[in-house]
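Chains A and B, in that order, are what the protein sequence lines are.
Using my numbering, you'd call the opening residue of the first sequence number 26 and step up by one each time.
Using my numbering, you'd call the opening residue of the second sequence number 26 and step up by one each time.
Derived by calculation from the structure, the hints in this document are not laboratory data.
Remember, predicted model here, so these are calculated numbers, not experimental data.
Possibly wrong hints are sitting among the right ones.
Residues of chain B placed beyond 12 Å of chain A at every Cβ, according to the derived structure [stated by the list, open to error]:
#1 79
#2 81
#3 105
#4 121
#5 156
#6 168
#7 187
#8 190
#9 219
#10 226
#11 255
#12 264
FRET-style restraints, in silico, Cβ to Cβ [to be verified]:
#13 203(A) <-> 50(B): 55 to 61 Å
#14 73(B) <-> 267(A): 48 to 54 Å
#15 36(A) <-> 39(B): 42 to 48 Å
#16 36(A) <-> 264(B): 49 to 55 Å
#17 38(B) <-> 31(A): 21 to 27 Å
#18 94(B) <-> 163(A): 55 to 61 Å
#19 251(B) <-> 80(A): 53 to 59 Å
#20 164(A) <-> 251(B): 36 to 42 Å
#21 163(B) <-> 40(A): 23 to 29 Å
#22 266(A) <-> 50(B): 41 to 47 Å
#23 43(B) <-> 31(A): 31 to 37 Å
#24 56(B) <-> 53(A): 56 to 62 Å
#25 203(A) <-> 73(B): 43 to 49 Å
#26 50(B) <-> 267(A): 46 to 52 Å
These stretches of chain A come out as covered by chain B in the derived footprint (C-beta under 8 Å, 3 or more residues) [what the hints assert, rightly or not]:
#27 48-60
#28 86-93
#29 150-156
#30 174-182
#31 254-267
For glycine and all other residues, C-beta sits at the position ideal for the given N, C-alpha and C.
Number of protein chains: 2
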Amino acid sequence: MIPLPGLPELEEGDDLAALIAEAAARAGGLEADDIVVVAQKAVSKVEGRVVRLADVEPSTRADALAGDTGDPRHVEVILRESAEIVRARPPLLIAETHHGFVCASAGVDASNAKGPDTVILLPVDPDASAAALRHRLDELTGIAPGVIVSDSFGRAWRQGTTDVALGVAGITALRDLRGTRDASGHELRSTMIAVADEIAGAAELVMGKSEGVPAAIVRGLDAAGAGSGADLVMPRARDLFR
Amino acid sequence: MIPLPGLPELEEGDDLAALIAEAAARAGGLEADDIVVVAQKAVSKVEGRVVRLADVEPSTRADALAGDTGDPRHVEVILRESAEIVRARPPLLIAETHHGFVCASAGVDASNAKGPDTVILLPVDPDASAAALRHRLDELTGIAPGVIVSDSFGRAWRQGTTDVALGVAGITALRDLRGTRDASGHELRSTMIAVADEIAGAAELVMGKSEGVPAAIVRGLDAAGAGSGADLVMPRARDLFR
């Protein structure tokens, strides 16, 4: 796990891959089979997924859901990013995004935002964001690393967030062990491991949350593959909690 | 991340800490501030948390919940380990254990079990298991590493398991950033990071599931603290999904 500090404050249109490549060069350079984990907020900023609350007119539903302490304009943005509100305990909203992610506030976040009156949305297509970063890093460095676009998600039943993979390129997201046998020779049933989520969580340990380190390299794992962040979303038909 | 392969098949009463210390010595030895992650099944086996299904008389409720494909004796063991069944789609059961963990089958698992007719239960007190391993490793090596007893849990809304921390000793389980400020100077609200879960997930990446590597060393993280696995269980009053 190699943190990549020293990235500047990001603006829409910045060449994030170039900034990551420079930070990686300072850390000794990318190597074949490296995985680059990038915080969703960094990706969203360069993709312009930033909303000024002054431009948002809250609906009556947003007013109601904001409760006494929430900002109705912030809630309005959450509603626009949501396919469904899964649970509401104002001002806490657990929502399913249009991508199918279930998370607090539909991923709309004020922390690390660009000023007190802005919020940051999730990328429109995190897998495409990851693929574009991978392609551009290959152009710049001659190495096409695995890429994960990560975010901090809460979990049902457990305290605290862990970082998970929203978008993935060049690696396996879900390792499927069904049909393989364990060390005792028993067939493993229904065992799928969310390796991309575990990698994202591992990278969080060196990226921190308040230290301005929006990316890290994970080295030495054999995870090459053609996975996607969508692999990690539980299909509705199998979901017992929606 | 340093995997610790080469542990023998474990039996009740085995000195697991001694076997881990030997495996660590083969890998260059423990260092100060190391964290040792140990798979729950290894801990449960040496603690004798193994049940022979031939000795189990299923209740009528177990018969009903087993459906057409489950083993009613296995379901009976799950019911005994459960404080509450959270969801049932036979033969899949999501249960809250007596510890408060919400997971598939109340953590009762047949894979890697000692023979086709046995199942393995979670440790009675995973924090105590972790503390005992830490104490014994200190006796044997002069180093008291952080210890995590880990298990693979499914998640609501997301596919695949990630390893999480059931029991913890000598490290922080939940890093509380409330009241701190992010890189832009904004106060972070309600941000708690489940670092012990992220560490357990990271260790899974080198432990694998079917390769007989029940432990790993995580080195180079500053995570010393007095956390517990219980810190990671969402209090019922704050839980929107029970």
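Hints, verified against the model:
With a least beta-carbon separation of about 17 Å from chain A, residue 79(B) lies farther than 12 Å from that chain, consistent with its non-interface assignment. Residue 81(B), annotated as away from the interface, keeps every beta carbon of chain A farther than 12 Å; the closest lies near 19 Å. At roughly 20 Å from the closest C-beta of chain A, the C-beta of residue 105(B) stays outside 12 Å, upholding its exclusion from the interface. The Cβ of residue 121(B) sits about 8 Å from the closest Cβ of chain A, inside the 12 Å cut-off, so the non-interface label is violated.
For residue 156(B), the requirement that its beta carbon stay farther than 12 Å from each beta carbon of chain A is met, with the minimum near 20 Å. At roughly 21 Å from the closest C-beta of chain A, the C-beta of residue 168(B) stays outside 12 Å, upholding its exclusion from the interface. Under the 12 Å C-beta cut-off, the non-interface status given to residue 187(B) relative to chain A is violated; the minimum distance is some 5 Å. Listed as outside the interface, residue 190(B) is inconsistent with that label: its C-beta sits roughly 10 Å from the nearest C-beta of chain A, within the 12 Å cut-off.
With a least beta-carbon separation of about 3 Å from chain A, residue 219(B) fails to lie farther than 12 Å from that chain, contradicting its non-interface assignment. Not every C-beta of chain A lies more than 12 Å from that of residue 226(B), the closest at about 4 Å, which undercuts listing it as non-interface. Not every beta carbon of chain A lies more than 12 Å from that of residue 255(B), the smallest distance being close to 10 Å; the non-interface claim is violated. Non-interface status of residue 264(B) relative to chain A is broken: a Cβ of that chain comes within 12 Å, the nearest being about 6 Å off.
Checked against the hint of 55 to 61 Å, the pair residue 203(A) and residue 50(B) fails, with Cβ atoms roughly 36 Å apart. For the pair residue 73(B) and residue 267(A), the supplied restraint of 48 to 54 Å is violated, since their beta-carbon distance comes to about 39 Å. For the hinted restraint 42 to 48 Å between residue 36(A) and residue 39(B), the CB-CB distance of approximately 58 Å leaves it violated. Range check, residue 36(A) to residue 264(B): about 40 Å between beta-carbon atoms, so the 49 to 55 Å window is missed.
Remark: the range hint 21 to 27 Å for residue 38(B) to residue 31(A) is contradicted by a beta-carbon distance near 53 Å. Roughly 47 Å separates the CB atoms of residue 94(B) and residue 163(A), a value that falls outside the hinted 55 to 61 Å. Roughly 47 Å separates the CB atoms of residue 251(B) and residue 80(A), a value that falls outside the hinted 53 to 59 Å. Separated by about 48 Å at the C-beta atoms, residue 164(A) and residue 251(B) break the suggested range of 36 to 42 Å.
Under the hint 23 to 29 Å, the C-beta atoms of residue 163(B) and residue 40(A), about 50 Å apart, miss the expected range. The hinted range of 41 to 47 Å is satisfied by residue 266(A) and residue 50(B), whose Cβ atoms lie roughly 45 Å apart. Checked against the hint of 31 to 37 Å, the C-beta distance between residue 43(B) and residue 31(A) comes to roughly 45 Å, which is inconsistent with it. A C-beta distance of roughly 23 Å is found between residue 56(B) and residue 53(A), which places it outside the suggested range of 56 to 62 Å.
Roughly 30 Å separates the CB atoms of residue 203(A) and residue 73(B), a value that falls outside the hinted 43 to 49 Å. The given range of 46 to 52 Å is respected by residue 50(B) and residue 267(A), whose C-beta atoms sit roughly 49 Å from each other. Counting residues of the stretch 48-60 of chain A whose C-beta sits closer than 8 Å to any C-beta of chain B gives 0, which falls short of three, so the coverage hint is violated. Under a criterion of three residues with beta carbons nearer than 8 Å to beta carbons of chain B, the stated coverage of the stretch 86-93 of chain A fails, only 0 such residues being counted.
Only residues whose beta carbon comes within less than 8 Å of a beta carbon in chain B count, and the stretch 150-156 of chain A has 0; fewer than three means the coverage is violated. With a cut-off of 8 Å between beta carbons, the stretch 174-182 of chain A has 4 residues touching chain B; three or more are needed, and the interface restraint holds. A stretch counts as covered by a chain when three or more of its residues have a beta carbon under 8 Å from one of that chain; for the stretch 254-267 of chain A and chain B the count is 9, and the coverage holds.
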